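Student: Residue strings, one per chain:
Protein chains: 2
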Amino acid sequence: MTIDFKRDVLAPVAHDFTAMDTFINEGITSKVALVMAVSKHVVEAGGKRMRPIMCLLAARACGLSKIEHAHHLAAIIEMLHTATLVHDDVVDESGLRRGRPTANATWNNQTAVLVGDFLIARAFDLLVNIQNYDLLKDFSTGTCEIAEGEVLQLQSQHQPDTSEETYLKIIHGKTSRLFELATEGAAILADQAEYREPLRHYAGHFGNAFQIIDDILDYTSDAETLGKNIGDDLMEGKPTLPLIAAMRLTDHDSAQYQIIRRSIATGGIADLEQVIKIVKQSGALDYCMQRAKQETALAIEALQALPETEYRQGLQSLAELALERIQ
Amino acid sequence: MTIDFKRDVLAPVAHDFTAMDTFINEGITSKVALVMAVSKHVVEAGGKRMRPIMCLLAARACGLSKIEHAHHLAAIIEMLHTATLVHDDVVDESGLRRGRPTANATWNNQTAVLVGDFLIARAFDLLVNIQNYDLLKDFSTGTCEIAEGEVLQLQSQHQPDTSEETYLKIIHGKTSRLFELATEGAAILADQAEYREPLRHYAGHFGNAFQIIDDILDYTSDAETLGKNIGDDLMEGKPTLPLIAAMRLTDHDSAQYQIIRRSIATGGIADLEQVIKIVKQSGALDYCMQRAKQETALAIEALQALPETEYRQGLQSLAELALERIQ
Numbered sequence: 001m002t003i004d005f006k007r008d009v010l011a012p013v014a015h016d017f018t019a020m021d022t023f024i025n026e027g028i029t030s031k032v033a034l035v036m037a038v039s040k041h042v043v044e045a046g047g048k049r050m051r052p053i054m055c056l057l058a059a060r061a062c063g064l065s066k067i068e069h070a071h072h073l074a075a076i077i078e079m080l081h082t083a084t085l086v087h088d089d090v091v092d093e094s095g096l097r098r099g100r101p102t103a104n105a106t107w108n109n110q111t112a113v114l115v116g117d118f119l120i121a122r123a124f125d126l127l128v129n130i131q132n133y134d135l136l137k138d139f140s141t142g143t144c145e146i147a148e149g150e151v152l153q154l155q156s157q158h159q160p161d162t163s164e165e166t167y168l169k170i171i172h173g174k175t176s177r178l179f180e181l182a183t184e185g186a187a188i189l190a191d192q193a194e195y196r197e198p199l200r201h202y203a204g205h206f207g208n209a210f211q212i213i214d215d216i217l218d219y220t221s222d223a224e225t226l227g228k229n230i231g232d233d234l235m236e237g238k239p240t241l242p243l244i245a246a247m248r249l250t251d252h253d254s255a256q257y258q259i260i261r262r263s264i265a266t267g268g269i270a271d272l273e274q275v276i277k278i279v280k281q282s283g284a285l286d287y288c289m290q291r292a293k294q295e296t297a298l299a300i301e302a303l304q305a306l307p308e309t310e311y312r313q314g315l316q317s318l319a320e321l322a323l324e325r326i327q
Numbered sequence: 001m002t003i004d005f006k007r008d009v010l011a012p013v014a015h016d017f018t019a020m021d022t023f024i025n026e027g028i029t030s031k032v033a034l035v036m037a038v039s040k041h042v043v044e045a046g047g048k049r050m051r052p053i054m055c056l057l058a059a060r061a062c063g064l065s066k067i068e069h070a071h072h073l074a075a076i077i078e079m080l081h082t083a084t085l086v087h088d089d090v091v092d093e094s095g096l097r098r099g100r101p102t103a104n105a106t107w108n109n110q111t112a113v114l115v116g117d118f119l120i121a122r123a124f125d126l127l128v129n130i131q132n133y134d135l136l137k138d139f140s141t142g143t144c145e146i147a148e149g150e151v152l153q154l155q156s157q158h159q160p161d162t163s164e165e166t167y168l169k170i171i172h173g174k175t176s177r178l179f180e181l182a183t184e185g186a187a188i189l190a191d192q193a194e195y196r197e198p199l200r201h202y203a204g205h206f207g208n209a210f211q212i213i214d215d216i217l218d219y220t221s222d223a224e225t226l227g228k229n230i231g232d233d234l235m236e237g238k239p240t241l242p243l244i245a246a247m248r249l250t251d252h253d254s255a256q257y258q259i260i261r262r263s264i265a266t267g268g269i270a271d272l273e274q275v276i277k278i279v280k281q282s283g284a285l286d287y288c289m290q291r292a293k294q295e296t297a298l299a300i301e302a303l304q305a306l307p308e309t310e311y312r313q314g315l316q317s318l319a320e321l322a323l324e325r326i327q
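As you go down the protein sequences, you meet chains A and B in turn.
Quick note on numbering: UniProt numbering labels position 275 of the first sequence as 275, and the sequence is numbered without any gaps.
Quick note on numbering: UniProt numbering labels position 201 of the second sequence as 201, and the sequence is numbered without any gaps.
Worth flagging that the hints you see were computed from the coordinates, not collected in a lab.
All figures in this text were calculated on a predicted structure; none of them were measured in a lab.
One or more of the hints may lead you astray.
Repeated chains share a single entry, so a pair holds when one copy, or any two copies, can fit it.
What the hints assert, rightly or not - 20 Å max Cα-Cα, derived DMTMM-like pairs, lysine to aspartate or glutamate: (1) LYS31 with GLU165; (2) LYS31 with GLU197; (3) LYS66 with GLU44; (4) LYS169 with ASP8; (5) LYS40 with GLU301; (6) LYS137 with GLU26; (7) LYS293 with ASP21.
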């Protein structure tokens, strides 16, 4: 039986999800009309709300009694995620996200930068209300690391010598860290110290798998399924795992090797078709898929430290579902 | 005797200032080379460090015993200030600040947006370490209001009907609010609840005067003294107090009135010379100077609730010194 997002992931926390959604809408308040308009626009453009759902499942899996705290935390996670997307779209000069015009395209870069700042500040403002220092410390350190991951990605752009180790640092910061905050934060709220590490590991490995899959899809998907164009990463000279693996698996004296290096160094998609061919024929894509499966297996393994509940099963289903995008 | 910044403002907290400066440099740590390089660049480009000095004076004026907390708070204030400048320079597409190339000009917009985010996160990270909920709440709410003030300014660009009331809201958010955090934060740290309001009022009125003076200088200074070009605000169609007052003081059927309205609506400095003439002849500049003096008087009046010390005198001197820029 294939996994169904609504039935296998969302259903166990459907009521919590509704409460969280209400809290997001109530939490974004401002006397400044433009702040409201842009915030609503970007929060409503949200996708499946995977991060808050993960937070709610983790909170229930930990047996959190003050469940309204989890609703707040999940909403805060989604606001932070939205803020990073708004700034990412400025950074990447993106006009569309999930088929909708971005904030920078609808308004302008200025508005997008400042409303992103507002959402970060508002997320912290709501977090302070929960009055939990461990949680605050985790989040303040975590948001530093997220920004650092994003800058490391910029620093590595057009650098063909970027190692797999650096790639892993980048994706940990830009993607996995927020998933970690979502689940470890739930364990902190539940005051279940022994579940902090397993839940962090689950989310970290899940995030790694999720990003590796995303980077695979940049060389294999069509625009319809992904909502982004094939070759976007190559366009920007991003040394993602498919390219790093392709260089390792290709004879360094070959023309193929030079094509990959040059594409990263210069950016642009002039050689896209050739790069796709090399990535596939060298075995790089197979390697990436294997790595995504490994990370997913590690995520699920980490979950076993938690009691067996429908919520733990929901977290497992979410990890398995993410893998289906490349199968 | 004229007021001297070093002798009358800085001297009473000179040792604290050194400790604060060390803490800023130690506080900005990152394993990502680009984060370090940009952060150092922008923090070193700082000016007189008016905000942290104000924080240190306020802390001493309140008799704070754990003075190292004030060093940390002052450093956090400066980091937040720097973060907003970095994002402002992206928003305004500025190439120079205080005669030095901006982060967006030296690197690019992407780097500036992300390092600004890092500095905001790091400031909160250091703030969490102080473990004071009242302080955290004040700062998290305050940073929301700062972002809102900046967005309100954007929203009011090219709007000739912007009222003086809206102008005051803008400058409270974009300028005065951080001064308030610097001084009220010191009272919170010192656990002197009765000094919170006087110190917030001092800083709020000081900030208003400071920004009104800045807006006056945009129509009267030369580039050398200010480090920014005359007419910058007009260029961007910003309805600042000199223009708002000029419209109120000018016959609404006159050509002069239309010139001001059109200049705000379209932006640009085609009519700069005429606008300057109208702003001066209408009495608008006189009105602005009078308002700056009023705000300064209110700032100093608020200080009287504090015990008479060299630190309180330092805060008063700072307010008087700010006025000298237009005298």
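Student: Now, for every hint given, state plainly whether the structure supports it.
Tutor: Hint-by-hint comparison with the structure:
Taking CA atoms no more than 20 Å apart as the test, LYS31 paired with GLU165 passes between copies only; the shortest distance there is 14 Å, against 45 Å inside one copy. In this assembly of identical chains, LYS31 and GLU197 lie within 20 Å of each other by CA distance neither inside one copy nor across copies; the values are 40 Å within and 23 Å between. Taking CA atoms no more than 20 Å apart as the test, LYS66 paired with GLU44 passes in neither setting, with 27 Å inside one copy and 45 Å between copies. Taking the shortest alpha-carbon separations for LYS169 and ASP8, neither the intra-copy value of 31 Å nor the inter-copy value of 49 Å comes in at or below 20 Å.
In the homo-oligomer, the alpha carbons of LYS40 and GLU301 never lie at most 20 Å apart, since the shortest distance is 38 Å inside one protomer and 42 Å across protomers. Proximity of LYS137 to GLU26 under the C-alpha cut-off of 20 Å is restricted to the inter-copy arrangement: shortest distance 18 Å between copies versus 25 Å within a copy. Taking the shortest alpha-carbon separations for LYS293 and ASP21, neither the intra-copy value of 32 Å nor the inter-copy value of 48 Å comes in at or below 20 Å.
Comparing the model with each numbered hint stated earlier shows that hints 2, 3, 4, 5, 7 do not hold.
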